[in-house]
Amino acid sequence: MNNYNPITALILFFVITGFLFVLFRPVKGWFWIVKKNFKSNEKIIIEDILKQLYHFENSGNRVDMKTLVQVLDFNNSRIVEAIKKMTINDLIYFESDILKLTEKGREYALKIVRVHRLWERYLADKTGFSKTEWHDRAELMEHQLSYDETERLSAHLGHPKFDPHGDPIPTKTGKMANVNGVELPLLPVNTVGRITHIEDEPEVIYKQILAENIHIGSLIRVTENNPTRIVFLSEGEEFKLAPIVAANLTVAPIEKEVVLEDNIARLSNLKEHENAKIIGISKESRGESRRRLLDLGFVKGADISIDLKNPLGEPNAYLIKGTSIALRKDQAAKILIKKE
Amino acid sequence: MNKKNIDNIIELSNDLRWQIGDDFHDNLTESIYADAANIVKGTVRTKDSEKHFRLDSKIDKIVTSKAFGFPIMFLILGTVLWLTIVGANYPSSMLANLLLDTIHPALKSGAESINMPWWLDGFLIDGVYLAIAWVVAVMLPPMAIFFPMFTLLEDFGYLPRVAFNLDSLFKKSGAHGKQALTMSMGFGCNAAGVVATRIIDSPRERLIAIITNNFSLCNGRWPTQILIATIFIGAVVTDSFSSLASLLAVIAIAVLGMAFMFTVSWALSKTVLKGEVSTFNLELPPYRPPRFWKTIYTSLIDRTLIVLWRAVVFAAPAGAVIWLISNIHIGNESMAAWAIHSLDGFGFLLGLNGVILLAYVVAIPANEIVIPTILMLTVLVTGIAGGSGAGVMFELDSMHATGDLLRAGGWTLLTAINLMLFSLLHNPCSTTIYTIYKETKSLKWTIFASVMPVILGFVVTFLVAQFWRLFF
Amino acid sequence: METKIKSACETCAYFNAEGLKKLGINTENFDFVVALAGNPNTGKSTVFNALTGLRQHTGNWPGKTVTRAEGGFEYNTQKYKLVDLPGTYSLLSTSEDEEAARDFILFGKPNVTVIVADANRLERNLNLVLQILEITDKAVLCLNLMDEAKRNNITIDERSLARDLGIPVVPTSARYNKGIPELIQTISEIANGTIVCKPHRIKNVPENIEKAVKTLTAKIEKEFPSIPNSRWIAFRLLEGDAHIINALKSGEFV
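Residue numbers (my numbering), protein chains in the order written: chain A, 1 to 340; chain B, 1 to 472; chain C, 1 to 254.
Everything labelled a hint here was simulated from the structure, so no lab data went into it.
One should not assume that every hint holds.
Covered stretches of chain B, as calculated for chain C (at least 3 residues, CB under 8 Å) [said to hold, decoys possible]:
#, segment
1, 19-29
2, 33-39
3, 240-246
Calculated cross-link-like contacts (lysine to aspartate or glutamate; reagent style EDC-like; alpha-carbon spacing at most 16 Å) [claimed, not checked]:
#, chain 1, residue 1, chain 2, residue 2
4, A, Lys-277, B, Glu-30
5, B, Lys-41, C, Glu-98
6, B, Lys-66, A, Glu-314
7, A, Lys-126, B, Glu-112
8, B, Lys-47, C, Asp-157
9, A, Lys-161, B, Asp-60
10, A, Lys-309, B, Asp-60
11, B, Lys-274, A, Glu-133
12, B, Lys-171, A, Glu-314
13, C, Lys-222, B, Asp-7
14, B, Lys-172, A, Glu-314
15, C, Lys-219, B, Asp-15
16, B, Lys-61, A, Glu-272
17, A, Lys-172, B, Asp-60
18, B, Lys-274, A, Asp-136
19, B, Lys-41, C, Asp-157
20, B, Lys-58, A, Asp-307
21, C, Lys-219, B, Glu-11
22, A, Lys-309, B, Asp-7
23, A, Lys-300, B, Glu-30
24, B, Lys-171, A, Asp-330
25, C, Lys-214, B, Asp-56
26, C, Lys-203, B, Asp-239
27, B, Lys-61, A, Glu-133
Since we're looking at a predicted model, the values are computed, not measured.
Positions of the beta carbon are idealized from the N, C-alpha and C atoms, including for glycine.
Isolated chain A, as found in the complex:
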């Protein structure tokens, strides 16, 4: 302790903590980056190329080397090398300068898509990760699961048809359910429809949609549609979106004469002394939370009213089937009611 000095000690302390922070901070920590780069081998590049080609072909776009290099986050020479290998292994072929998937390549790509969407479904139903993390985690996992593991995962989840964004999950034989609907900006004013899909890429737009509290499975009615904005009513609230954001929502118009009643609302909009009946729980409520709500009696047709207002704003206690049960605002927003 001869050369002790509080300032030296403090400086030493902050240098060490700073170093540890730079090394291990979430996502951008050097340790994680090194770990990630270490793992990005050829297999991952090949699989990412297949997946990109698959998505491009599905949306009817043609891809040449230049666009491919732009969308992928890898070193150019490594991509070229991977493409070479993929042509030799009969996964892709060139039609003049356009890249195309062979039958075998398409099958492989479907397998990746299957793992990705299954994993998103798993994250949504069985874990507590927030929506914004699903995509990135699935991006990592899609390269890691073997065929058997994927089958076990699928069985564990009860072989689901759709991922949490509404995208169909290919079966192991490559069968896929259809997503009905068109992009929201294509719908004329006064169309009634149901949101069947919410695109989670690019992230910036997805985050905007999440911030608006737009729920998959909601019935909507378009009230305004012009190049500057699209406005629609849904569940007692009005949503205004820029067309570029709205284009990430897929809506299936409802042909039959369905009246979108005006007194339909979210439970979070219920006022004290109002009575209502539950219509259902939004698809946004998933996994354990959804089951728990159902078990507690938040089922179609049940009478509900506010029992107690919370002094701090939330949670409010609702009287349902003779019992007072408190729910937080975000939960109440996912329960649909019809006011009486």
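Given the structure of chain A, go ahead and fit chains B and C onto it with the hints provided.
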């Protein structure tokens, strides 16, 4: 049984599930509730005068109102804590009188009369017996007061309303409103607080509540805080304000603990625990008049005695260890002195000293014996007159004398403040660690919950010590 | 302890008061296993204590009993082991509590399942009752908290409730020991086969699901002819319950 047929059944169920879609669970639950509604319609009749319900909702309107909700809550919980701390004083000193001042000497002279060898007598009576006696004397009275009162509130149905009122504060840090109760329970005993987290049915929030329960200052630590605050903090101000100052210091430590609880909860939910499943629901049961004596009885049996038993089981070996390290010599130094000297450097960095660190190492089993151990070790290494010999824990009758002894051991105001901080921020006692393991069934979370608070304690005391030395 | 209030039945002809012995935690050499299920906060633990003479803590908290408690009583020289299952709202989800409760009723094959329900909130409680009746047909509904129901002016027609559910219904106020002798008598009659239940099965299932359930049930019954709860297993398979699928594969149902 034919394996192929069974695989066929499972395959068929997969196909059917694909056909009927993802709404199966919803549909089934709705059908069951529809059946239930039908049955009830034919069998249950309710007359419209709902007197009882109205009484319930009247109470609810008051205890959850903006104006009265929080004052009532602070009043009730504060009263419970105050009654516990003040009310436990008298029986505690009586027990101490009996176990430490009467039975202990009697046992000693008894051992002498049958010519028990000094090491066996020291090991058993000064080591094992004294540790147990201390834990019982300090721990039993407050727990016997705190738990029945808490249980009465619980049985009446008031506690769910507290969770209801406070939930949005806890939500902000990623926790569950019911954590308010497990935290309050932790003020009584962290082990009991950890068990109480069973009422939280969401996995993530339950883990958060378990890991952060240690930030509630438990009964075993209140006396330490009060003693040190009275001796050192009270001495800073003029006599007329000294008791107020020391009271405020202790409250500040408890509030700091809550601040740590919220911050660590928030950090956990954003980092290591973000993948755990999280659900929320809170049922507000009807009020029921508690059955007074039955409640007292069960809370004494279920909570107090079980926790006390576990504490005793852990304290006994600790007493033995304390006696042994003070009496086994390596070269011409006892193990304790040797350990203290090697910990002194690190202790100085933290604004503490080797004695305190060693006391916290050997007192992992029970926070109750920290102060007696510190006093004994201080005498041991400084050679000041006092105490009853190597390895015999003791406490002095007057605070004044205790203060003098500690000051002679090199204690300053900084040491006192950092001891109070470290007493708040260190590993849970071994009873709690064991309970955490039983509740989480996970070695990983047990280790995390044990190590994280110590590291926090090191960092906080270190920073306080450096800045203190810079400015004073 | 408060003095025990003598229930009317304790002196009546068919209840054999001398034949009752509360055995506390002594559960060796039992003749029958009785499971105690029910929603949280219905006084389930109070019923447990009234039957066994134990004093488990019973908080006014939903979800208090997490660990499984066991106790016993002897009635007419037959010994009963009583298992207090965790209180749950349902058996359809996958939380730890629900799995523990479900597995015990399904694989532990209790001789009698006592379902404790809160008479004040019968509709909500029937959710669990109806699910249990899909699993087992040896059950009795213990309609607890009758004292509170009376204060709330709720009257329940127990006979038509018993008819609708197809199982005996015993009204009790376990806190005051009312109705417990009747409950014990009923338990013993079910255990000994004097009472045979014809439990209610869930109706109102949407047509497409009912069709799938029927197809699957037929297959299961063909493979396990003696199984009492094929319909419930079909429900679980359609739900994709990996736990039940594994149990089927390993033959735990035989």
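Comparing the hints with the structure gives:
1. Counting residues of the segment 19-29 of chain B whose C-beta sits closer than 8 Å to any C-beta of chain C gives 7, which meets the bar of three, so the coverage hint holds.
2. With 7 residues having a Cβ less than 8 Å from any Cβ of chain C, the segment 33-39 of chain B passes the three-residue criterion, so the hint holds.
3. Counting residues of the segment 240-246 of chain B whose CB lies closer than 8 Å to any CB of chain C gives 0, which falls below the minimum of 3, so the coverage claim is violated.
4. With a CA separation close to 14 Å, the supplied pair Lys-277 of chain A and Glu-30 of chain B stays within the 16 Å bound.
5. For the hint linking Lys-41 of chain B to Glu-98 of chain C, the alpha-carbon distance of about 28 Å lies beyond 16 Å, and the restraint is violated.
6. With a CA separation close to 12 Å, the supplied pair Lys-66 of chain B and Glu-314 of chain A stays within the 16 Å bound.
7. Distance hint between Lys-126 of chain A and Glu-112 of chain B is unfulfilled; the C-alpha atoms sit about 66 Å from each other, more than 16 Å.
8. Straight-line distance between C-alpha atoms of Lys-47 of chain B and Asp-157 of chain C comes to about 14 Å, which keeps the hinted pair within the 16 Å bound.
9. Between Lys-161 of chain A and Asp-60 of chain B, the direct Cα distance comes to roughly 45 Å. Violation of the 16 Å bound is thereby established for this hinted pair.
10. Note on Lys-309 of chain A and Asp-60 of chain B: the hinted pairing holds, with a Cα-Cα distance of about 10 Å set against a maximum of 16 Å.
11. Proximity of Lys-274 of chain B to Glu-133 of chain A is assessed by CA-CA distance (about 10 Å); at most 16 Å being required, the pair is judged to hold.
12. This hinted pair checks out: Lys-171 of chain B and Glu-314 of chain A have alpha carbons roughly 10 Å apart, not beyond 16 Å.
13. Restraint check for Lys-222 of chain C and Asp-7 of chain B: the C-alpha separation of about 14 Å stays at or below 16 Å, so the hint holds.
14. Distance check on the hinted pair: Lys-172 of chain B and Glu-314 of chain A sit about 11 Å apart at the alpha-carbon level, within 16 Å; holds.
15. Taken as a hint, the Lys-219 of chain C and Asp-15 of chain B pair is honoured in the structure, with Cα atoms around 14 Å apart against an allowance of 16 Å.
16. Pair hint Lys-61 of chain B plus Glu-272 of chain A holds up; C-alpha atoms about 13 Å apart against a cutoff of 16 Å.
17. Distance restraint check for Lys-172 of chain A and Asp-60 of chain B: the Cα-Cα separation of roughly 55 Å exceeds the 16 Å cut-off, and the hinted pair is therefore not satisfied.
18. Proposed proximity of Lys-274 of chain B and Asp-136 of chain A is supported: the alpha carbons are some 15 Å apart, at most 16 Å.
19. Distance check on the hinted pair: Lys-41 of chain B and Asp-157 of chain C sit about 11 Å apart at the alpha-carbon level, within 16 Å; holds.
20. Distance restraint check for Lys-58 of chain B and Asp-307 of chain A: the Cα-Cα separation of roughly 11 Å lies within the 16 Å cut-off, and the hinted pair is therefore satisfied.
21. Only pairs whose Cα atoms come within 16 Å are accepted, and Lys-219 of chain C paired with Glu-11 of chain B is accepted, the gap being roughly 12 Å.
22. Under the criterion of a C-alpha separation no larger than 16 Å, the hint pairing Lys-309 of chain A with Asp-7 of chain B is inconsistent with the structure, at around 52 Å.
23. Annotation: proposed proximity of Lys-300 of chain A to Glu-30 of chain B holds, straight-line Cα distance about 7 Å (limit 16 Å).
24. Only pairs whose Cα atoms come within 16 Å are accepted, and Lys-171 of chain B paired with Asp-330 of chain A is accepted, the gap being roughly 11 Å.
25. Restraint check: the Cα-Cα separation between Lys-214 of chain C and Asp-56 of chain B comes to about 46 Å, which exceeds 16 Å; the hinted pair is violated.
26. In summary, the hint linking Lys-203 of chain C to Asp-239 of chain B is not supported, as the alpha carbons are separated by about 78 Å, beyond the 16 Å threshold.
27. Taking the CA atoms of Lys-61 of chain B and Glu-133 of chain A, the gap is about 40 Å. The hint is violated against a cut of 16 Å.
Hints 3, 5, 7, 9, 17, 22, 25, 26, 27, counting from the list given before, are not met by this structure.
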